[in-house]
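The listed protein sequences derive, respectively, from chains Y and V.
Each residue of the first sequence is one higher than the last, beginning at 1 in our numbering.
Each residue of the second sequence is one higher than the last, beginning at 590 in our numbering.
Derived by calculation from the structure, the hints in this document are not laboratory data.
Accuracy of the hints is not assured; some may be wrong.
As the list claims (entries may be wrong) - One side of the interface only, derived from the structure: several residues of chain V facing chain Y at Cβ under 7 Å: (1) K599; (2) R601; (3) V615; (4) T620; (5) E629; (6) G643; (7) L650; (8) I651; (9) A654; (10) K655; (11) L659; (12) E665.
What the hints assert, rightly or not - Below, a list of computed lysine to aspartate or glutamate pairs in the EDC-like style, where the Cα atoms sit at most 20 Å apart: (13) V:K662 / Y:D485; (14) Y:K369 / V:E633; (15) Y:K319 / Y:E239; (16) Y:K530 / Y:E552; (17) Y:K492 / V:D664; (18) Y:K48 / Y:E175; (19) V:K662 / Y:D487; (20) Y:K138 / Y:E122; (21) Y:K48 / Y:E239; (22) Y:K330 / V:E593; (23) V:K595 / Y:D487; (24) Y:K319 / V:E633; (25) V:K604 / Y:D401; (26) Y:K407 / Y:D324; (27) V:K662 / Y:E478; (28) V:K626 / Y:E368; (29) Y:K88 / Y:E408; (30) Y:K407 / V:D598; (31) V:K655 / Y:E478; (32) V:K599 / Y:D487; (33) Y:K319 / Y:E478; (34) Y:K138 / V:E665; (35) Y:K330 / V:D598; (36) Y:K48 / Y:D65; (37) Y:K138 / Y:D91; (38) Y:K138 / V:E633; (39) V:K655 / Y:D485; (40) V:K604 / Y:E400.
This structure is a prediction, so every number in the text was calculated from the model and none was measured.
Glycine is no exception: its CB is placed at the ideal position from the N, C-alpha and C atoms.
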Amino acid sequence: MTNLIPPSAILIIGALFVPFIRGRLKSAYMLLLPSFVFMTLLNMPEGKYWIVKVLDYSLVFGRVDRLSMVFGYIFTIITFIGVLFALKVKDDLQHVAALLYAGGALGVTFAGDFLTLYLFWELLAIASTFLILARRTKASQAAAIRYILVHIFGGLCLLAGIVFYIQQTGTAEFEYIGLSGTASYLIFIGIALNAAIPPLHPWLQDAYPEATVTGAVFMSALTTKSAVYVMARTFPGTELLIWMGALMTAFPIFYAVLENDIRRVLSYSLINQVGFMMCGIGIGTHLAINGAVSHAFCHILYKALLFMAAGSVLHMTGKIRCTDLGGLYKTMPLTCLFCMIGAASISAFPLFSGFVSKSMIVSASAHEKLTIIWLILQFASAGVFHHAGIKVPFFTFFAEDSGIRTKEPPLNMLLAMGIAAFLCVAIAIFPRPLYDILPYPVDYVPYTAAHVVGQLQLLMFGALAFCLLILSGYYPAEMRAINLDTDWFYRKGLSQIMAGITGLCTWVAHICEKIFVRILPERLAELSKKPVSTLAVSYMKLSGKGRLALEEFRKQTRPETVSLGPMGLPVFVSLIFLISLFVVFVFLS
Amino acid sequence: MKKELKIFDKPRNVKRFLGGFYVSLVILLITDFFIHKHAEFTWEGIPEFYATYGFVSCVLLIFIAKGLRLFVKRDEDYYD
Numbered sequence: 001m002t003n004l005i006p007p008s009a010i011l012i013i014g015a016l017f018v019p020f021i022r023g024r025l026k027s028a029y030m031l032l033l034p035s036f037v038f039m040t041l042l043n044m045p046e047g048k049y050w051i052v053k054v055l056d057y058s059l060v061f062g063r064v065d066r067l068s069m070v071f072g073y074i075f076t077i078i079t080f081i082g083v084l085f086a087l088k089v090k091d092d093l094q095h096v097a098a099l100l101y102a103g104g105a106l107g108v109t110f111a112g113d114f115l116t117l118y119l120f121w122e123l124l125a126i127a128s129t130f131l132i133l134a135r136r137t138k139a140s141q142a143a144a145i146r147y148i149l150v151h152i153f154g155g156l157c158l159l160a161g162i163v164f165y166i167q168q169t170g171t172a173e174f175e176y177i178g179l180s181g182t183a184s185y186l187i188f189i190g191i192a193l194n195a196a197i198p199p200l201h202p203w204l205q206d207a208y209p210e211a212t213v214t215g216a217v218f219m220s221a222l223t224t225k226s227a228v229y230v231m232a233r234t235f236p237g238t239e240l241l242i243w244m245g246a247l248m249t250a251f252p253i254f255y256a257v258l259e260n261d262i263r264r265v266l267s268y269s270l271i272n273q274v275g276f277m278m279c280g281i282g283i284g285t286h287l288a289i290n291g292a293v294s295h296a297f298c299h300i301l302y303k304a305l306l307f308m309a310a311g312s313v314l315h316m317t318g319k320i321r322c323t324d325l326g327g328l329y330k331t332m333p334l335t336c337l338f339c340m341i342g343a344a345s346i347s348a349f350p351l352f353s354g355f356v357s358k359s360m361i362v363s364a365s366a367h368e369k370l371t372i373i374w375l376i377l378q379f380a381s382a383g384v385f386h387h388a389g390i391k392v393p394f395f396t397f398f399a400e401d402s403g404i405r406t407k408e409p410p411l412n413m414l415l416a417m418g419i420a421a422f423l424c425v426a427i428a429i430f431p432r433p434l435y436d437i438l439p440y441p442v443d444y445v446p447y448t449a450a451h452v453v454g455q456l457q458l459l460m461f462g463a464l465a466f467c468l469l470i471l472s473g474y475y476p477a478e479m480r481a482i483n484l485d486t487d488w489f490y491r492k493g494l495s496q497i498m499a500g501i502t503g504l505c506t507w508v509a510h511i512c513e514k515i516f517v518r519i520l521p522e523r524l525a526e527l528s529k530k531p532v533s534t535l536a537v538s539y540m541k542l543s544g545k546g547r548l549a550l551e552e553f554r555k556q557t558r559p560e561t562v563s564l565g566p567m568g569l570p571v572f573v574s575l576i577f578l579i580s581l582f583v584v585f586v587f588l589s
Numbered sequence: 590m591k592k593e594l595k596i597f598d599k600p601r602n603v604k605r606f607l608g609g610f611y612v613s614l615v616i617l618l619i620t621d622f623f624i625h626k627h628a629e630f631t632w633e634g635i636p637e638f639y640a641t642y643g644f645v646s647c648v649l650l651i652f653i654a655k656g657l658r659l660f661v662k663r664d665e666d667y668y669d
């Protein structure tokens, strides 16, 4: 190994110098960093490098095999595209955070042991939080706090799982675990949270739409896909993942149909796409794992492309809701074109990248005869086209003219989108280079007549449904509203539980006050004043003698005296007696 | 300022676009009879299975989503 610096360190250390460089040199420097990482990756043969001994453990910063290399390549490519897209941003915080974030993702990818993994896992969470904070609005700050809290919870689950795991197995090696025992479940929950597996998903659709225009591009690529990588390594072939993945593909599309904020629609469709990958990992055959990994590769490109297109619209118009937009194809035709390429790719149209990767997962489910899963995946495929493929471009660039007149975003943004769009199409037309870097040998042919026609039918007739429903007015109108998701439980539910607990405590305090401050002292006072009649009356009440007998009793007995005389005298005498006893014992004995 | 694109402002163009779309659907339906299918599941062999499934899925999707909206829709300042 000739290179002394791990790929993640190039970005992390490189990021620290960004604030000290100015002007064009800064742009060149930032673009050089990912390029340099890419060169490093090309010269890294398989093996384990950069091993540091700490106490009894060896931290491995460079475990290179086929699985980690694919993710290494795509994370580096998207970092380059993201940096290019963000080149004109005059905010060093964002640049530094984005590069640290990408460094974290590469660190996770090449980590060879769980402790190193955990280290970079937390770096991912912290660095990405700054990409939300950097938008500097009230909503983004609140979202950032929720985001980091949720990720701290996930990180702690992962850490607890790792500690248990090392305790049980005596090794920290980051390899296959499989779902059995507390340690594995804790690790699973930690990874699942970052992969946005429901019900641990709402941080994603909560935070990503609040991130900065350029920050969201990095976020859409790195956090969930590094979790996909870690899941593919530790839990391939876990049946639970098949079902969770299928659920994940299906439920977000309903929300995506209703959602008004374009970047939130994209967030939901992101969850849906990661669902396909989880399903593939769960199936666990070579075809399925290849499918999941290649889908992650393609997904990063087209999802970033869609986030860049939506970001460009937000950047140029300041608006991002379906209800505010429309007719932008007139003034942003290139952005519109790139958005449509992204939309076609996510929908897995033939000749667009999703087609060559997603179909591997769907085919794998068919090979394993997973009937229900296959049906759900096909349903989700049609649904994706419906919301991400048609709704996003339609309501942004077409639909009713909103009257907004703007222009194309700056050249660097267009270039970044152009590169991503080019790759989306290139991968679809020449899938071989991608297939060649996948973890297992590929003998899959995506372009068969049956597959192409079947997929086109599925998508086009989905589009027909959209068309007919829009024309007939049955399509749910875009509304200025939000839709409740599971984040309700910690955003509202917890405060309501708190209110409930407070209410309960107040009630208990109230009852106690009534008993111990009012009723009991009153009764005791009465008893000490009129002991005989009080006891007699209580006895008669208890024995159920009735009102008449009570009155008879009151008439017959004369009222008890209230003076202290009769009771006080014996007490006084007893006191004198006790004091004299005290004096005798203490002083005379 | 560059000249704006206005192709979809003319109803005639929208009609042409939709016409092209419907024609492509019909072509897809016809093609289905001429291709060799290697079906993993028996129903994949049924003529126009994918077209039906795609259409029905999306209609169901919309109606379920409309139902879902009744339960989950809140004002934009709900969490503030």
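Against the structure, the hints:
Because the beta carbon of K599 of chain V sits about 13 Å from the nearest beta carbon in chain Y, more than 7 Å, this interface hint is broken. Proximity of R601 of chain V to chain Y is violated relative to the hint, the smallest CB-CB distance being about 16 Å (cut-off 7 Å). With 7 Å as the threshold, the beta carbon of V615 of chain V stays out of range of chain Y, its nearest partner Cβ sitting at about 11 Å, so the hint is violated. Here the hint on T620 of chain V is kept, as its CB sits about 5 Å from the closest CB of chain Y, short of 7 Å.
The restraint placing E629 of chain V at the interface with chain Y holds, with a minimum CB-CB distance near 4 Å, inside the 7 Å limit. Look at G643 of chain V: its Cβ gets to within about 4 Å of chain Y, closer than 7 Å, so that hint holds up. Hint on L650 of chain V holds. Least Cβ distance to chain Y is approximately 5 Å, under the 7 Å limit. A least Cβ separation of about 6 Å between I651 of chain V and chain Y falls short of the 7 Å threshold, and the interface hint therefore holds.
Residue-level restraint check for A654 of chain V holds (minimum Cβ-Cβ distance to chain Y is 4 Å; threshold 7 Å). For the restraint placing K655 of chain V at the interface with chain Y, the shortest Cβ-Cβ distance is roughly 5 Å, inside the 7 Å limit, so the hint holds. For the restraint placing L659 of chain V at the interface with chain Y, the shortest Cβ-Cβ distance is roughly 11 Å, beyond the 7 Å limit, so the hint is violated. Using the Cβ-Cβ criterion of 7 Å, the hint placing E665 of chain V at the interface with chain Y is satisfied: the shortest such distance is roughly 6 Å.
The suggested pairing of K662 of chain V with D485 of chain Y holds, with an alpha-carbon distance near 10 Å, which does not exceed 20 Å. Restraint check for K369 of chain Y and E633 of chain V: the C-alpha separation of about 13 Å stays at or below 20 Å, so the hint holds. Restraint check: the Cα-Cα separation between K319 of chain Y and E239 of chain Y comes to about 42 Å, which exceeds 20 Å; the hinted pair is violated. For the hint pairing K530 of chain Y with E552 of chain Y, the CA-to-CA distance comes to about 18 Å; that is within 20 Å, so the pair holds.
Between K492 of chain Y and D664 of chain V the alpha-carbon distance is near 14 Å, which keeps this suggested pair within the 20 Å criterion. In summary, the hint linking K48 of chain Y to E175 of chain Y is supported, as the alpha carbons are separated by about 13 Å, within the 20 Å threshold. Only pairs whose Cα atoms come within 20 Å are accepted, and K662 of chain V paired with D487 of chain Y is accepted, the gap being roughly 14 Å. Proximity of K138 of chain Y to E122 of chain Y is assessed by CA-CA distance (about 24 Å); at most 20 Å being required, the pair is judged violated.
At roughly 30 Å between alpha-carbon atoms, K48 of chain Y and E239 of chain Y are farther apart than 20 Å, so this suggested pair is violated. Taking the CA atoms of K330 of chain Y and E593 of chain V, the gap is near 5 Å; set against the 20 Å cutoff, the hint holds. Of the pairs offered as hints, the one joining K595 of chain V and D487 of chain Y is violated, with about 42 Å between alpha carbons and a cut-off of 20 Å exceeded. For a cut-off of 20 Å, the pair hint linking K319 of chain Y to E633 of chain V is broken: about 44 Å separates their Cα positions.
Between K604 of chain V and D401 of chain Y the alpha-carbon distance is near 18 Å, which keeps this suggested pair within the 20 Å criterion. Under the criterion of a C-alpha separation no larger than 20 Å, the hint pairing K407 of chain Y with D324 of chain Y is consistent with the structure, at around 17 Å. About 12 Å separates the Cα atoms of K662 of chain V and E478 of chain Y, which keeps this hinted pair within 20 Å; it holds. Restraint check: the Cα-Cα separation between K626 of chain V and E368 of chain Y comes to about 19 Å, which is no more than 20 Å; the hinted pair holds.
At roughly 14 Å between alpha-carbon atoms, K88 of chain Y and E408 of chain Y fall within 20 Å of each other, so this suggested pair holds. This hinted pair checks out: K407 of chain Y and D598 of chain V have alpha carbons roughly 19 Å apart, not beyond 20 Å. Between K655 of chain V and E478 of chain Y the CA atoms are separated by roughly 11 Å; this keeps the pair inside 20 Å, and the hint holds. Of the supplied pair hints, the one linking K599 of chain V and D487 of chain Y is violated, its CA atoms being roughly 44 Å apart against a limit of 20 Å.
Restraint check: the Cα-Cα separation between K319 of chain Y and E478 of chain Y comes to about 15 Å, which is no more than 20 Å; the hinted pair holds. Distance check on the hinted pair: K138 of chain Y and E665 of chain V sit about 14 Å apart at the alpha-carbon level, within 20 Å; holds. Note on K330 of chain Y and D598 of chain V: the hinted pairing holds, with a Cα-Cα distance of about 10 Å set against a maximum of 20 Å. Between the alpha carbons of K48 of chain Y and D65 of chain Y the distance comes to roughly 9 Å, so the proposed pair stays at or under 20 Å and holds.
Using a Cα cut-off of 20 Å, the hinted pair K138 of chain Y and D91 of chain Y holds, with the two alpha carbons roughly 18 Å apart. The straight-line distance between the Cα atoms of K138 of chain Y and E633 of chain V is roughly 52 Å, outside the 20 Å bound, and the hint therefore fails. The hinted pair formed by K655 of chain V and D485 of chain Y meets the criterion: a straight-line CA distance of about 15 Å does not exceed 20 Å. For the hint pairing K604 of chain V with E400 of chain Y, the CA-to-CA distance comes to about 16 Å; that is within 20 Å, so the pair holds.
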